[in-house]
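**Q** Chains as they are written, first to last, in the numbering used here: chain X, 11 to 147; chain P, 11 to 147.
Rather than coming from a laboratory, the hints here were simulated on the basis of the structure.
Note that the coordinates shown come from a computational prediction; the quantities given were computed from them, not determined experimentally.
Don't take each hint at face value.
Same chains, same names: a pair is fine if it fits in one copy or spans any two.
Computed cross-link-like contacts, BS3-like style, restricted to lysine-lysine with a CA-CA straight-line distance of at most 25 Å [unchecked claim]:
hint	residue 1	residue 2
1	K21	K128
2	K110	K128
3	K21	K110
4	K63	K21
5	K110	K100
6	K100	K21
7	K103	K21
8	K128	K34
9	K34	K63
10	K63	K128
There are 2 protein chains.
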Amino acid sequence: MRSSEHGALTKNQELVYDALTDAKGPLSAYAILDGLREHGIRAPLQVYRALDKLLEFGLVHRLESLNSFVACSHPECDSRETMVFTICEKCGKVSELADKAIAGQLQSLADLDHFALKAATVELRGFCQACQTASTQ
Amino acid sequence: MRSSEHGALTKNQELVYDALTDAKGPLSAYAILDGLREHGIRAPLQVYRALDKLLEFGLVHRLESLNSFVACSHPECDSRETMVFTICEKCGKVSELADKAIAGQLQSLADLDHFALKAATVELRGFCQACQTASTQ
DNA sequence: ACGCATCTGTTATACAATAACATCGATTGC
DNA sequence: GCAATCGATGTTATTGTATAACAGATGCGT
Ligand SMILES: [Zn+2]
Ligand SMILES: [Zn+2]
Ligand SMILES: [Zn+2]
Ligand SMILES: [Zn+2]
Chain X
11 MRSSEHGALT KNQELVYDAL TDAKGPLSAY AILDGLREHG IRAPLQVYRA
61 LDKLLEFGLV HRLESLNSFV ACSHPECDSR ETMVFTICEK CGKVSELADK
111 AIAGQLQSLA DLDHFALKAA TVELRGFCQA CQTASTQ
Chain P
11 MRSSEHGALT KNQELVYDAL TDAKGPLSAY AILDGLREHG IRAPLQVYRA
61 LDKLLEFGLV HRLESLNSFV ACSHPECDSR ETMVFTICEK CGKVSELADK
111 AIAGQLQSLA DLDHFALKAA TVELRGFCQA CQTASTQ
């Protein structure tokens with residue numbers, strides 16, 4: 011049971027987390043809602059509250075440019091760390107990458123600007139390898 | 011007249027662009043709408059259509075994590091270039107920074123993943139210099 | 001004039017997120 | 001046991017963000 015892996019996920023938190031891990035791709039809150047109606051989830055708030063906690067636990071990331079959420083695919087991912095997401099504009103595939111160099115560069119840039127950096131959103135748009143070879147576009 | 015500066019902005023495009031340049035901060039589409047009702051703008055689509063064009067022209071940037079828009083403060087900013095935005099979570103101040111090193115690092119990371127990079131969203135959250143010195147938090 | 005593209009105006013709708021309030025259940029302290 | 005408390009839940013209503021669909025207007029090249 012997944013809750014034992016992460017301490018104490020509540021029923022709704024686990025439903026939402028399982029929906030995201032099963033999805034193999036980003037899901038909007040309302041897509042999650044639709045997928046869980048048969049499990050007793052009936053209102054957006056039930057999903058958003060669970061997502062808030064999962065984000066807090068670092069089990070889930072929010073993709074700002076898609077208004078969607080993904081399960082963290084980087085088991086050791088410290089939420090404090092800066093993650094980089096690639097988003098394929100053709101097939102929708104999302105990859106989560108960790109890169110210490112970029113995190114450091116962003117910190118340096120923030121320092122130059124005397125900006126106290128708390129969190130960073132880095133989302134790359136383009137075409138994944140499969141979609142490049144599949145077409146000449 | 012601003013339209014002469016940028017070729018051929020239409021009336022609505024110029025209204026929206028002027029609203030953003032006057033604002034000295036990010037505005038949501040509906041905030042723009044409210045500010046332009048007296049100028050004949052009555053529906054969200056009028057704003058969104060103008061914003062789409064301004065984004066295409068590179069005159070405006072979208073802040074994904076705020077669902078808001080800012081006029082480009084970087085006159086020579088090539089829209090192809092990767093821009094970095096700092097967003098103060100206390101006062102809302104937004105700064106637009108250009109950093110070739112980060113753009114290069116992101117390109118390298120994309121290359122490693124065989125990802126054809128088209129555009130990058132980089133948004134840093136934290137506290138601006140003024141808000142740091144103003145409080146101990 | 002005609003075809004075509006672009007911009008425009010309007011209504012209605014879909015999608016995303018939060019507010020407000022009542023309830024339930026487990027835990028703590030007496 | 002029992003009140004107090006805290007976190008999670010359920011529900012309704014509302015706000016905020018963005019697009020669909022359709023019609024009309026404008027400009028331009030032929
Ligand atoms: Zn992660
Ligand atoms: Zn792809
Ligand atoms: Zn710019
Ligand atoms: Zn500030």
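**Q** Of the hints given before, which are not true for this structure?
**A** 1, 3, 5, 6 and 7
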